[in-house]
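Student: Kindly produce the complete structure, drawing on both the sequences and the hints.
Residue numbers (our numbering), protein chains in the order written: chain A, 1 to 115; chain B, 1001 to 1113.
The hints are simulated quantities; they were obtained by calculation from the structure and are not laboratory data.
With a straight-line cut-off of 20 Å between C-alpha atoms, the simulated SDA-like cross-links for lysine to any residue are:
| no. | chain 1 | residue 1 | chain 2 | residue 2 |
| --- | --- | --- | --- | --- |
| 1 | A | 102 | B | 1055 |
| 2 | A | 102 | B | 1065 |
| 3 | A | 42 | B | 1111 |
| 4 | A | 56 | A | 83 |
| 5 | A | 102 | B | 1059 |
| 6 | A | 102 | B | 1076 |
| 7 | A | 42 | B | 1040 |
| 8 | A | 102 | B | 1101 |
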Amino acid sequence: QKEVEQDPGPLSVPEGAIVSLNCTYSNSAFQYFMWYRQYSRKGPELLMYTYSSGNKEDGRFTAQVDKSSKYISLFIRDSQPSDSATYLCAMRVNAGGTSYGKLTFGQGTILTVHP
Amino acid sequence: DTGVSQNPRHKITKRGQNVTFRCDPISEHNRLYWYRQTLGQGPEFLTYFQNEAQLEKSRLLSDRFSAERPKGSFSTLEIQRTEQGDSAMYLCASSTYDEGALCFGPGTRLLVL
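Tutor: Structure representation (structure tokens):
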């Protein structure tokens, strides 16, 4: 069983829809949670970065973390065709030092927003 | 452009050949990471440098793989005696000491024939 599970989709929605992307994880030591967006044949780019449980909003994007359920979500409001990409969840422990940047990624969810 | 850069962007090689990739991190970032991503999967951690010191290596990094970061600036990743299973996107990322968020480069796509 993988440490981080993410439904690969693909997910297809009409423009303007609300999109919900989710990941579950098994390692209770994870404390930092991120969402990356990756366009085809490009490197991942950071969308959201959160620490521990709670919500964080940035424009059309909202990240939620529920540590008790080991479940994180990314919501995209008013989705646009330019949001079409693969969305990767990532997380890491708070060990500091050598584990600082060692991220564990989900498989990625392929999202298509059609006009 | 002050982002992470990687060269080459694409590499096709024959099985058994050696290949070397280069990563130039964001200049003020002292931490540098290599990840590998295969089709339909998320990136997997390979190794990590703080300045010039290689502090952690994944079990994925067999003895055919070697990474260096001389003088704590750019980094190289060499794969010796390539195998078809090495075909993947090799991603470099960098960060500052105080941040957990990584900035990724565009990747080097390797195809081993």
